[in-house]
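Residue numbers (our numbering), protein chains in the order written: chain G, 1 to 361; chain C, 362 to 616; chain U, 617 to 907.
Be aware that one or more of the hints could be misleading.
What the hints assert, rightly or not - DSSO-like cross-link-like pairs, simulated, lysine-lysine; straight-line CA separation at most 30 Å: (1) G:Lys6 to C:Lys591; (2) C:Lys469 to C:Lys508; (3) C:Lys469 to G:Lys6; (4) C:Lys508 to G:Lys332.
Please keep in mind that the hints were generated in silico from the structure rather than gathered at the bench.
Below are the chains, spelled out letter by letter.
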Amino acid sequence: MRIHFKTSYAHDIRLFPDRWTLSIYGTLLLLAFALPYLLDEFFLGEVTNVLIWAIAGLGLMLLTGQTGQASLGHAAFLAIGCYANTILIEQGVPFIIAFPLAGVLTGVIGVIIAIPVLRLHGIYLAIATIALSVLADDIIVLTEPWSGGVSGKFPEMITIFGFEIERWSMPSRFYYLVLVVTIICTLFYRNLLRSPLGRAFAAVRDSEVSATAMGVHIARTKGKAFGLSCMITGWAGALMGYYAGTFNNETFSLVISITLLMMIVIGGLGSIHGAFFGAVVVAFLPQALSILKDNVVGSGVAIPGLETGVFGMILILFILFEPMGIYGRWLKIRTWFELFPFARKDMFRRQKSYLKTERLR
Amino acid sequence: MSLLEIKNATLKFGGVVAVNDLSFSVEEGEVYAIVGPNGAGKSTAFNLISRFYEPFAGSFIFDGTNLLDCEADQVADLGIARTFQNIELFEHATVLQNLLVGRHRHRKTTLLEEMFFTPRVRREEERHREAVEEVIDFLDLQPYRNKMIAGLPYGVRKVVELGRALASKPRLLLLDEPASGLSVEETQDMRWWIDDIRKQMGITVLMVEHDMGLVSGVSDRVLALADGAKLAEGTPAEVQANPAVIEAYLGAGAV
Amino acid sequence: MEVLQLLVSGLANGCVYGLIALGFVLIYKATEAVNFAQGDFMMIGAFVSLGLTNAEYMDLPFWIAAPLAISIMAVFGYLLDLFVLRHLFGQSQTAVVILTIAMGFVLRFVAGLIWGHEPQTLESPLALGDLHLGSVVLGMADVAIIIVTFLMTFFLYQFFQRTKLGLAMQAASQNQMAAYFMGIPVKRVQGLVWGLSGATAAVAGILFASKGAIDPNAGLLGIKAFAAAVIGGFGSLPGALAGGLIVGVIEPFAARYLAAGYSQIAPYALLLAVLVFRPHGLFSQVRVKKV
Numbered sequence: 001m002r003i004h005f006k007t008s009y010a011h012d013i014r015l016f017p018d019r020w021t022l023s024i025y026g027t028l029l030l031l032a033f034a035l036p037y038l039l040d041e042f043f044l045g046e047v048t049n050v051l052i053w054a055i056a057g058l059g060l061m062l063l064t065g066q067t068g069q070a071s072l073g074h075a076a077f078l079a080i081g082c083y084a085n086t087i088l089i090e091q092g093v094p095f096i097i098a099f100p101l102a103g104v105l106t107g108v109i110g111v112i113i114a115i116p117v118l119r120l121h122g123i124y125l126a127i128a129t130i131a132l133s134v135l136a137d138d139i140i141v142l143t144e145p146w147s148g149g150v151s152g153k154f155p156e157m158i159t160i161f162g163f164e165i166e167r168w169s170m171p172s173r174f175y176y177l178v179l180v181v182t183i184i185c186t187l188f189y190r191n192l193l194r195s196p197l198g199r200a201f202a203a204v205r206d207s208e209v210s211a212t213a214m215g216v217h218i219a220r221t222k223g224k225a226f227g228l229s230c231m232i233t234g235w236a237g238a239l240m241g242y243y244a245g246t247f248n249n250e251t252f253s254l255v256i257s258i259t260l261l262m263m264i265v266i267g268g269l270g271s272i273h274g275a276f277f278g279a280v281v282v283a284f285l286p287q288a289l290s291i292l293k294d295n296v297v298g299s300g301v302a303i304p305g306l307e308t309g310v311f312g313m314i315l316i317l318f319i320l321f322e323p324m325g326i327y328g329r330w331l332k333i334r335t336w337f338e339l340f341p342f343a344r345k346d347m348f349r350r351q352k353s354y355l356k357t358e359r360l361r
Numbered sequence: 362m363s364l365l366e367i368k369n370a371t372l373k374f375g376g377v378v379a380v381n382d383l384s385f386s387v388e389e390g391e392v393y394a395i396v397g398p399n400g401a402g403k404s405t406a407f408n409l410i411s412r413f414y415e416p417f418a419g420s421f422i423f424d425g426t427n428l429l430d431c432e433a434d435q436v437a438d439l440g441i442a443r444t445f446q447n448i449e450l451f452e453h454a455t456v457l458q459n460l461l462v463g464r465h466r467h468r469k470t471t472l473l474e475e476m477f478f479t480p481r482v483r484r485e486e487e488r489h490r491e492a493v494e495e496v497i498d499f500l501d502l503q504p505y506r507n508k509m510i511a512g513l514p515y516g517v518r519k520v521v522e523l524g525r526a527l528a529s530k531p532r533l534l535l536l537d538e539p540a541s542g543l544s545v546e547e548t549q550d551m552r553w554w555i556d557d558i559r560k561q562m563g564i565t566v567l568m569v570e571h572d573m574g575l576v577s578g579v580s581d582r583v584l585a586l587a588d589g590a591k592l593a594e595g596t597p598a599e600v601q602a603n604p605a606v607i608e609a610y611l612g613a614g615a616v
Numbered sequence: 617m618e619v620l621q622l623l624v625s626g627l628a629n630g631c632v633y634g635l636i637a638l639g640f641v642l643i644y645k646a647t648e649a650v651n652f653a654q655g656d657f658m659m660i661g662a663f664v665s666l667g668l669t670n671a672e673y674m675d676l677p678f679w680i681a682a683p684l685a686i687s688i689m690a691v692f693g694y695l696l697d698l699f700v701l702r703h704l705f706g707q708s709q710t711a712v713v714i715l716t717i718a719m720g721f722v723l724r725f726v727a728g729l730i731w732g733h734e735p736q737t738l739e740s741p742l743a744l745g746d747l748h749l750g751s752v753v754l755g756m757a758d759v760a761i762i763i764v765t766f767l768m769t770f771f772l773y774q775f776f777q778r779t780k781l782g783l784a785m786q787a788a789s790q791n792q793m794a795a796y797f798m799g800i801p802v803k804r805v806q807g808l809v810w811g812l813s814g815a816t817a818a819v820a821g822i823l824f825a826s827k828g829a830i831d832p833n834a835g836l837l838g839i840k841a842f843a844a845a846v847i848g849g850f851g852s853l854p855g856a857l858a859g860g861l862i863v864g865v866i867e868p869f870a871a872r873y874l875a876a877g878y879s880q881i882a883p884y885a886l887l888l889a890v891l892v893f894r895p896h897g898l899f900s901q902v903r904v905k906k907v
């Protein structure tokens, strides 16, 4: 087991607690940058997909894992980010401005939506956000002159100061773009966690009453969480648009919203790692299933609902047996090795709690 | 002028009068205790001061500021911190993080600075950390610094909650039953701490407590409540000797 | 007369939403959990009754098959609680929400495997004939739906208000620990509620499949039933029915009088409006928490 010998308060504020962790994440980053030279184009595309989902996951994680507000409507914000980015670029705004602006715009719209919606608790919030997700589809159809409606839109090629990036013809360039956005979002997330706002998020999640007593304005804090969450989600949406190559009103459906929420639960709520682990599952499950299916029942046979069905099954198993998600399991395995042979089975036992009514808030 | 002055506070829940025309004032630098049987309106009085409940009538003045002009979250900014009867901590955070939330009212950085974690944010964080370490030293919380609240025993949680309130460097500290559920030794500790909070830190304490030993040990003045109204007020000895108080506690005929 | 015709067909649809919403509210009242798979319960209930009744499957007489399907679904609900939901004891509401959504996915997948994805109709005696009242035409199935829904709501309401078990269910939701100490077998009570809601879903499924075709995605109707439950206020059984009727009636009118594209929005816009202006529904049950 590693022992941290701390000599200053700055120690706890650092991004990485010690050299060992720093070197692990440093190696990971180097590997990520070297990846286009190690993988073929197909797999590089898959990894890009994982990263885009991870960004979206980080966005939702900030809201659900950190602030405790479950949203089943985040596909709507993916859509807003995607459409905003594409429309801005069509209006002649350069990518380097349009892309960040699309995220900020999504965040602002998120805050505007959040003001009435965030007064709601638990299930009411979940249902309101479902309605948002359903409405987004209809609204895209209704705003056809801008959104292209059912026939959809094709995002233009990205140019940054004359440097061209395209998903199909230059997958490694697109990969680097996504990687940079991923790193920026992860850093934002991490920075928030170690500053007053991140603690206010946790305070709101765990006890609104005492958060208020400590001077945290509940509605404003939730609004900020929603806005930041939507901003990151908006960026993911814009990247998803490029990755898909075309999108219309059905691209960002309720199923995407639900998948996103399930993804962060499977990955592990409340941790940055969780968003990435979950993204790996979401991105690779369809491939794994189709390979499995081809081997078992033969290719060419379509089984509708197979992916969502299996995904649902995995989620149920996780909630029942490992509520902390993949990240929770990972922590347990790591601790077991670190403490070997002194790890005990009940070290991570959850405390039993009794449900109290939500009707008394 | 008193630090906290409450006049004619009244609150009803449906037909039940929880607090009835209650007036009292807390002087700067004293420990003021509210006692009374269950349902006497002690915690309700606290919740009125914290602005969780809207009073029907009455005035609440803290150091010249009208509390009724404040939202619940602005009360902390005035320098009023509190604990809760049934511990309200942030369960899925460490002791350190809980205490740091206490520093919330002293934050100076903006959202944008925090996203980029500018040097100013870092400096502020270190300053908050220092303030919190003082509280940790004061309350002997060192062994629990990085422990999750969810795994801590009740007595420690009680202390952490006190620490969170202290971390905000309040002028007035509201303690809602600080000794409930504590063992005899822990109650003793609590007594010394309340004494030191007043003497060393110069914080005024307003507390609700059932344990008469603790109340008479630390408080300068005591207010006895029954059915939401004032029964008696004075030094601990005076209140304990008051026949109306004895009757409210032990029932008629015991006098 | 057109208005009346729209109203009547809206009411019949609304009753189906209301029946599904009843299922949510039952579970919410007793366990504070929300079963996001209630629509899929209805779909499964419909398929089970169809599997028992239709000629190409078991070919049982409808009046034997229907009660059988209802019992099967009741047992299914109870077992689901026993083997899945009971293990969630003490986890957050969000976990239950996500779990039931996942359950919906699994149920849809399983139903597709067993009964295929082609829309099918229940060979039901309720589906025969129309009722002519002046110029208003009413399908017999619609009449049956309206009658059964109102009866169900009435009986369930009485059950919760009057019987000891019903009151125990309410107590169990408001404070589990206190209910334990009062001697209420909280876990079994919750199992019974899931059974009851399974039975309700089966009734809704039978009626729905008599009225029109069903396929594994029919459960997505549940989203509208949610809107209904929220509009009515989640804790209230008559509220659920009222909400269902409101959503049901709004739909045909919006389709008739609003421009294409806006009509699908109507129920959700209403839902959001209710959530914004009366956050806990029209028949609210929320009070302030004491600290």
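Hint by hint, here is what the structure shows:
Annotation: proposed proximity of G:Lys6 to C:Lys591 is violated, straight-line Cα distance about 53 Å (limit 30 Å). Restraint check for C:Lys469 and C:Lys508: the C-alpha separation of about 27 Å stays at or below 30 Å, so the hint holds. Of the pairs offered as hints, the one joining C:Lys469 and G:Lys6 holds, with about 26 Å between alpha carbons and a cut-off of 30 Å not exceeded. Using a Cα cut-off of 30 Å, the hinted pair C:Lys508 and G:Lys332 holds, with the two alpha carbons roughly 17 Å apart.
The structure does not agree with numbered hint 1 stated previously, though it agrees with all others.
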